[in-house]
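These are the residues of each chain, in order.
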Amino acid sequence: MRYLLMIYDDEAGYEAATEEQREAMRREYGTIADGWGERGLMRGGDELAPTSSATTVRVRSEARLVTDGPFAETKEQLGGYFIVDVEDLDTAIALAAELPAARSGSIEVRPILDM
Amino acid sequence: MPDVAEVLDRAFRLDAGRAVAALIGALRDFDLAEEAWQEACEQALRTWPTRGVPDNPSAWLFTTARNRAIDRLRRDRIGLEKTAAAVQIADLQALGDDMHEIPDDRLRLLFTCCHPALALDTRVALTLRTVAGLTTREIARAFLVPEPTLGQRLTRAKRKIREAGIPYRVPPREVLPERLDGVRAVVYLVFNEGYAATEGELLRAELCDEAIRLCRLLDHLIPDEPETRGLLALLLLQHARRASRTDAAGEIVVLEDQDRSRWDQAMIDEGLGLVRDAAPETGAYRLQAQIAACHAAAPRPEDTDWPRIATLYTALAATRPSPVVELNRAVAIAMADGPDAGLRLLEPLAGDLDRYHLFHAARADLLRRAGDADAAGLAYDRALELVTNDAERRYLERRRRDLASH
Chain A
1 MRYLLMIYDD EAGYEAATEE QREAMRREYG TIADGWGERG LMRGGDELAP
51 TSSATTVRVR SEARLVTDGP FAETKEQLGG YFIVDVEDLD TAIALAAELP
101 AARSGSIEVR PILDM
Chain B
116 MPDVAEVLDR AFRLDAGRAV AALIGALRDF DLAEEAWQEA CEQALRTWPT
166 RGVPDNPSAW LFTTARNRAI DRLRRDRIGL EKTAAAVQIA DLQALGDDMH
216 EIPDDRLRLL FTCCHPALAL DTRVALTLRT VAGLTTREIA RAFLVPEPTL
266 GQRLTRAKRK IREAGIPYRV PPREVLPERL DGVRAVVYLV FNEGYAATEG
316 ELLRAELCDE AIRLCRLLDH LIPDEPETRG LLALLLLQHA RRASRTDAAG
366 EIVVLEDQDR SRWDQAMIDE GLGLVRDAAP ETGAYRLQAQ IAACHAAAPR
416 PEDTDWPRIA TLYTALAATR PSPVVELNRA VAIAMADGPD AGLRLLEPLA
466 GDLDRYHLFH AARADLLRRA GDADAAGLAY DRALELVTND AERRYLERRR
516 RDLASH
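Those protein sequences? They're chains A and B, same order as listed. So in this note's numbering, spot 102 of the first sequence is number 102, and the numbers just go up one at a time. So in this note's numbering, spot 62 of the second sequence is number 177, and the numbers just go up one at a time.
Some hints could be false.
What the hints assert, rightly or not - Partial pick of chain A residues on the chain B-facing surface, computed with a CB cut under 7 Å: (1) M1; (2) G40; (3) D88; (4) L89; (5) D90.
As the list claims (entries may be wrong) - Interface residues of chain A toward chain B, partial, derived using beta-carbon atoms under 10 Å: (6) Y3; (7) R22; (8) M25; (9) D46; (10) A49; (11) V86; (12) T91; (13) A92; (14) A94; (15) V109; (16) L113.
To be clear, the hints were calculated from the coordinates, so they are not data collected in a lab. Heads up, the beta-carbon is just placed ideally off N, CA and C, and yes, glycines get one too.
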């Protein structure tokens, strides 16, 4: 089954980090992603730009409503995602628990429907 | 009047859990497995009265349920589903005719029903429905929720199991201890749901029996787990007091006032045996069982070994730190060393437990013992502001009145 691992964390911490610290975080995620890749589990993943760059779009009565900011203001923000292909939820949970943001923020695990 | 299939289901409840577990194992489909078992029970009700009860009723029910499932797979599956159905049918046929000849699948079922990705109340309901074999109606009555609400909860749970890919298996070694703890927590929750009900509603007391049955099953499926044994001992020692916990009018009778001759001695003996055999380790259930054993082993309230109970609560507080454990520890120390020692330990808990009626009730009792009736009265007033259960309220009101009359 494919699962989307959505990485939620307080982006203020990330914003406050030095470039070196950010580079270290990226390397940490990179090492994990490489490991999953070698095990043949990776189907994709990206880091997202901060929510300050987000735009939300709605169409109501044929009119386009475009607003600044994310869909919902939350304490933790979606900062990136992975798509993995594993046997079951237990395996997906085990992978999610490996991510650094699982310790500081949270990872939402969602199955991807096969069309 | 209960429906007839429900009566039959109850008669074969243990078989129902085992049969449904085996059917789910082959089918990977909770609904189809349950419906097939239900249909087999209904068929038994139609044919047994005229043709007689078969020699081996549970084997008959299992074979019939298996065949009903095969029929439905052949009849209902169309197009691409036929390939999947062919695999399911082959797996069902491979089960053979006698479920007692095949590996017991209830452990896989238990771990699936108690999966942490399901909400806690859902885990409880699903375990009672599929492992313990209670009907939706029985569970709804026991948890005081409308039957359709509980039905929806079960439907959503089964959908989540399917859609989220919750595996039907015993978890691997590295997560087994944590998941086993989760199963025990569900068993304990079922028990407490029955135990906390003091109004003598029959079905809720049955929840305690059901929890003990589930705990025995867990102990049978994964033997020699000290904490499972500890939990079983704890449940037996608490349930042994059921007859004496309320009086004829349904009023609460506290431990020290209970008629100890009405305690279930067979249950106490079994519980004490389990506690004696347990390794002297510090698992939370074993510690609680040892505390319950101190009470159960005392012929009279004044024979209670309070210093030992206080030591056990200290160990429990180290394993599972919580203000409520600290409260119990303070009460035990008050019983061992006098009310003032207990009151000193209660002071730092006032912040955390200010909204907890039993904190104020315990404090009131210690103040009364210390001879400070005015302060005790105020503490009872505070407990009465917070209490929600009617029987507990009446108990606290009695204590408050006794205070004034002395």
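_Hint numbers contradicted by this structure_ = 2, 7, 8, 9, 10
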